[in-house]
Amino acid sequence: MLKLFREKKSAQLWGLISPGALWILLFFNLPILIMLFISFVERGRAGGIKLPPVYTLNNYELFFNSCASDFAGVDCNPLLYLGIFGNSVRIGLVVTFWCIVVGYPLSYFISKQKQVWRDALMILVIIPFWTNFLVRTYALKQVLATEGLINTLFMNIGLINQPFDLLFNEFAVVIGLIYGYLPFAVLPMYASIEKFDHSLMEAAADLGAPPQRAFWRVMLPMTMPGVVAALVLVFVPVVGAFITPDIMGGGKVEMIGTLINRQFGVARNWPFGSAMSLVLMSLVLIGVIAYFRSSSEETRRAM
Amino acid sequence: MASSEFAVEMQDVVKQFVTPEGGILAAVNHVTMQIKDGEFFSLLGPSGCGKTTSLRMIAGFELPTDGKILIHGKDMSQTPAFQRPINTVFQQYALFPHMTVEQNIAFGLEMKGVSRVDRIRRVGEALEMVRLPGMEMRRPKQLSGGQQQRIALARALVNKPEVLLLDEPLGALDLKLRKEMQLELKTLQREVGITFIYVTHDQEEALTMSDRIAVMSKGLALQIGVPEEIYERPATKFVADFIGETNFLDGVVKGQNGTTVEIDLTGSGIVYIESSRKFTNGQQVTVAVRPEKLTLNSEIKSGNNLKGRVEEVIYIGTDTHYGVRFPGGHKARIREQNVTVAQKSLAKTGDEVTMSFTRTSPRILTE
Numbered sequence: 001m002l003k004l005f006r007e008k009k010s011a012q013l014w015g016l017i018s019p020g021a022l023w024i025l026l027f028f029n030l031p032i033l034i035m036l037f038i039s040f041v042e043r044g045r046a047g048g049i050k051l052p053p054v055y056t057l058n059n060y061e062l063f064f065n066s067c068a069s070d071f072a073g074v075d076c077n078p079l080l081y082l083g084i085f086g087n088s089v090r091i092g093l094v095v096t097f098w099c100i101v102v103g104y105p106l107s108y109f110i111s112k113q114k115q116v117w118r119d120a121l122m123i124l125v126i127i128p129f130w131t132n133f134l135v136r137t138y139a140l141k142q143v144l145a146t147e148g149l150i151n152t153l154f155m156n157i158g159l160i161n162q163p164f165d166l167l168f169n170e171f172a173v174v175i176g177l178i179y180g181y182l183p184f185a186v187l188p189m190y191a192s193i194e195k196f197d198h199s200l201m202e203a204a205a206d207l208g209a210p211p212q213r214a215f216w217r218v219m220l221p222m223t224m225p226g227v228v229a230a231l232v233l234v235f236v237p238v239v240g241a242f243i244t245p246d247i248m249g250g251g252k253v254e255m256i257g258t259l260i261n262r263q264f265g266v267a268r269n270w271p272f273g274s275a276m277s278l279v280l281m282s283l284v285l286i287g288v289i290a291y292f293r294s295s296s297e298e299t300r301r302a303m
Numbered sequence: 304m305a306s307s308e309f310a311v312e313m314q315d316v317v318k319q320f321v322t323p324e325g326g327i328l329a330a331v332n333h334v335t336m337q338i339k340d341g342e343f344f345s346l347l348g349p350s351g352c353g354k355t356t357s358l359r360m361i362a363g364f365e366l367p368t369d370g371k372i373l374i375h376g377k378d379m380s381q382t383p384a385f386q387r388p389i390n391t392v393f394q395q396y397a398l399f400p401h402m403t404v405e406q407n408i409a410f411g412l413e414m415k416g417v418s419r420v421d422r423i424r425r426v427g428e429a430l431e432m433v434r435l436p437g438m439e440m441r442r443p444k445q446l447s448g449g450q451q452q453r454i455a456l457a458r459a460l461v462n463k464p465e466v467l468l469l470d471e472p473l474g475a476l477d478l479k480l481r482k483e484m485q486l487e488l489k490t491l492q493r494e495v496g497i498t499f500i501y502v503t504h505d506q507e508e509a510l511t512m513s514d515r516i517a518v519m520s521k522g523l524a525l526q527i528g529v530p531e532e533i534y535e536r537p538a539t540k541f542v543a544d545f546i547g548e549t550n551f552l553d554g555v556v557k558g559q560n561g562t563t564v565e566i567d568l569t570g571s572g573i574v575y576i577e578s579s580r581k582f583t584n585g586q587q588v589t590v591a592v593r594p595e596k597l598t599l600n601s602e603i604k605s606g607n608n609l610k611g612r613v614e615e616v617i618y619i620g621t622d623t624h625y626g627v628r629f630p631g632g633h634k635a636r637i638r639e640q641n642v643t644v645a646q647k648s649l650a651k652t653g654d655e656v657t658m659s660f661t662r663t664s665p666r667i668l669t670e
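Just so you know, the protein sequences line up as chains A and B, in that order. FYI, the working numbering numbers position 38 of the first sequence as 38, with every residue one higher than the one before it. Just add 303 to wherever you are in the second sequence, counting from 1, and you've got the working numbering.
Same shape as in the complex, but just chain B:
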């Protein structure tokens, strides 16, 4: 079966739609990605970024305008959905309302010509797997949202697909149930060892569950990598901004000494940042640094220390956030953990403070 180490490959895939105004919209614009066998892979991005269109092309509901889609090394770009070894968990579950839970789950097996006896056995197993045994005779309408979600999962997994596609399957659930299901899905994926391709706009969900993530925006795959990589070394401003919170400090490159780059944050000070990349003097860059990697009033030797004024203090329980403005107009948000009960606010609005960060914490972004 596995004639390739990749479960799914998208090769330079383009999908264009004709807009109601008669224009052409590239929902997916030259996307190339390789999804490894047995991987939990997430397509992450805001609505309209092309993640759902990509998923629908892998499922076979949409055919690519250009490019190829390979499933286990086999070109399936033009293969209709019903002939692909792939199953989908739909956003609104799309359970058949006129069938029982058993008929729903057995539908795929029936299409494959699995015997009645085997069907009943495998439906039972699938229900065990999603922890809803004995639900065979219920109808979808009689189930809660969370239960319908599990039935949709069972209906897909019972077919033992080579790849399972999940289109924001937890979107309709409340927060607590969603968190539970995230862990459950992840565990289930490890158990069955099937490749999961998971579409979500929830960055936290993607970080929690995925082996690798592709961040998409405007039809492009901006960055593909493991969660740590996406979070710690975002490739673009969009990725840095979409995944977690980031401070962006615009500046100009003044010089580079080996791996140390000198950047003038015009009016706010000069910073030194480690980077393996080459920059040219005078180049416009953005220093991106996460709020939790900044400290307030505790200077770091051979790090960067900038003087600014506190504009706001927000206490949120676990942390306190400080909004600081610098003379050059730059703004940053600092996150300090409230480690002890006795800890007092490090500063109050209007205070002159020093914000510090190491030379390795930030990323220098050019786009």
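The following block holds chain A by itself, in its conformation from the complex:
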């Protein structure tokens, strides 16, 4: 790559690369630096920061000890924010798990169809992307509501007397997130499974492996790159999600995303919001890198 730049055509290459590079620099890298700065200063009275800036580590301290605030009461729970973070990771893992468990067989099924059907089914998977995420989430809310589709249906056919509490709880948030992020799991897994050489399953059967063992020993390891990609593509955004927990949880399910969102809104605590964003980013990054490190050998093999 570097060699290419040294050659004559380097000017053209830079010409092609610079719009994208500039975009990332200006709107991704620079804002992170600004956030980093904000996270180390005291908050302003009506949002923003105190001017001239007063440097402090209190924003980070607050995340690890929620009582390190002037407003902390006597019954303050110092692990409040860490608990919310832990909750987010747990929800992230649950959602990722289900997206993969539901998405894998779906991807497999689609990959086994004839070309025409495969294309049609993949379009069906992708179509939701064309609809506004907010609209879809509100629509799902109507399905789960007390007088929504499911409860009305079950009440009318006499299966239940009391409507289920399907909304404004963690269940609703998890359902909402699975619903929203399933396509992100299907796409990379489909790509992997579609490339998989099914004669290897025949080879495994020929050597005495029953279908389940053949799957665990041959097919899953070989399609692992797709599963890992799905894991990252779903887990990372879900841990930081805020729209879905807000709408489906009705303010009762706190996730790190909703907490951060609130700091830039009603709580008007930009520095604390920035600090939490950066902590979230670093922890997720570390987690993903650690995962890649531990599985890269297996992943490389499979590819």
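Hints are computed from structural coordinates only; laboratory data are not their basis. Check each hint, because a few of them may be wrong.
Using C-beta positions, here's what the derived DEER-type ranges look like [stated by the list, open to error]: (1) A/A290 <-> B/T368: 47 to 55 Å; (2) A/A191 <-> B/D477: 31 to 39 Å; (3) A/A11 <-> B/D477: 42 to 50 Å.
Bear in mind that the values here come from a model prediction, so they are computed numbers and not experimental data. By construction, the Cβ of each residue, glycine as well, lies at the ideal position given by its N, Cα and C atoms.
Use these hints to put chain B onto chain A, whose structure you have.
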């Protein structure tokens, strides 16, 4: 184990597929064959003849639509592949790319629950057998085509199967390596004494390696026999044409005197051919005779001698081929071996020549 003298029996096996157009295609159409224990048996035919489908049914990857498949006398028509005492060497080898050579070869043993120590020992032995010792830690990608082929063979044979199926295993190798592997496979088969069922479209390969051959076409087993039988006494025009080269001379039966059949090659002459079969006068037949059994300009007493004109002469080193046309429109190719350096061409294009063959050389074919 061997409750029958046959390793594999196909009894009136039918396999139908639904075509994309919605029709039904019989890939295998009422095939019956018996493969003896310890035999090197080849399924030979052009692509689409049903040989691979037959093999896949024996392996258990496809279930027959009708008929039975017996393995050592036991009906296994509906037994899934993983429960059959059979292993396969696949055309593209189908080695597991995410496993080492050792893990690949040990896979079958592991499924059987063989202990780790025994597994390692037997993998070592299997690698010795295919002459690739010390390759345990390599990955399939790091091996050449020929090496992958041997690993695939080791992976199958290490399980000591009752029957080994080979689906054109040498197809991807270059000619020289293929010839080497043919001999090696044959030797290996004799050593291990396992029944080999070998699918190929290469007639020379089948003749070289097999104890017996089944020639297939359009889902039918046209002829089953030892190589000599298939070559010298082909049952149908297709077999005669597919195995080696054959001249076909169409004619009509004029009469039969004991075992001698008189056939009029309309316009090209009358020939007398020995056959134990009965023919009726006026019956349309084809006289099939191999190019190497024909001679040019050296008449055979009490044989058949036909006059024709040379149309082409092709020198190919070991032999010279002469294309001869006869007055009735029949054409034949004569193969003369170039026994001495001094030997001159026996004839040149346009020459009037006599083509001769004995009464026992040809076969009379009716289908």
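We went through each hint and held it up to the structure:
1. A hinted range of 47 to 55 Å for the beta carbons of A/A290 and B/T368 is consistent with their spacing of about 53 Å.
2. A hinted range of 31 to 39 Å holds for the C-beta pair A/A191 and B/D477, which are about 34 Å apart.
3. Range check, A/A11 to B/D477: Cβ separation about 47 Å, and the 42 to 50 Å hint holds.
Taken one by one, the earlier hints all hold for this structure without exception.
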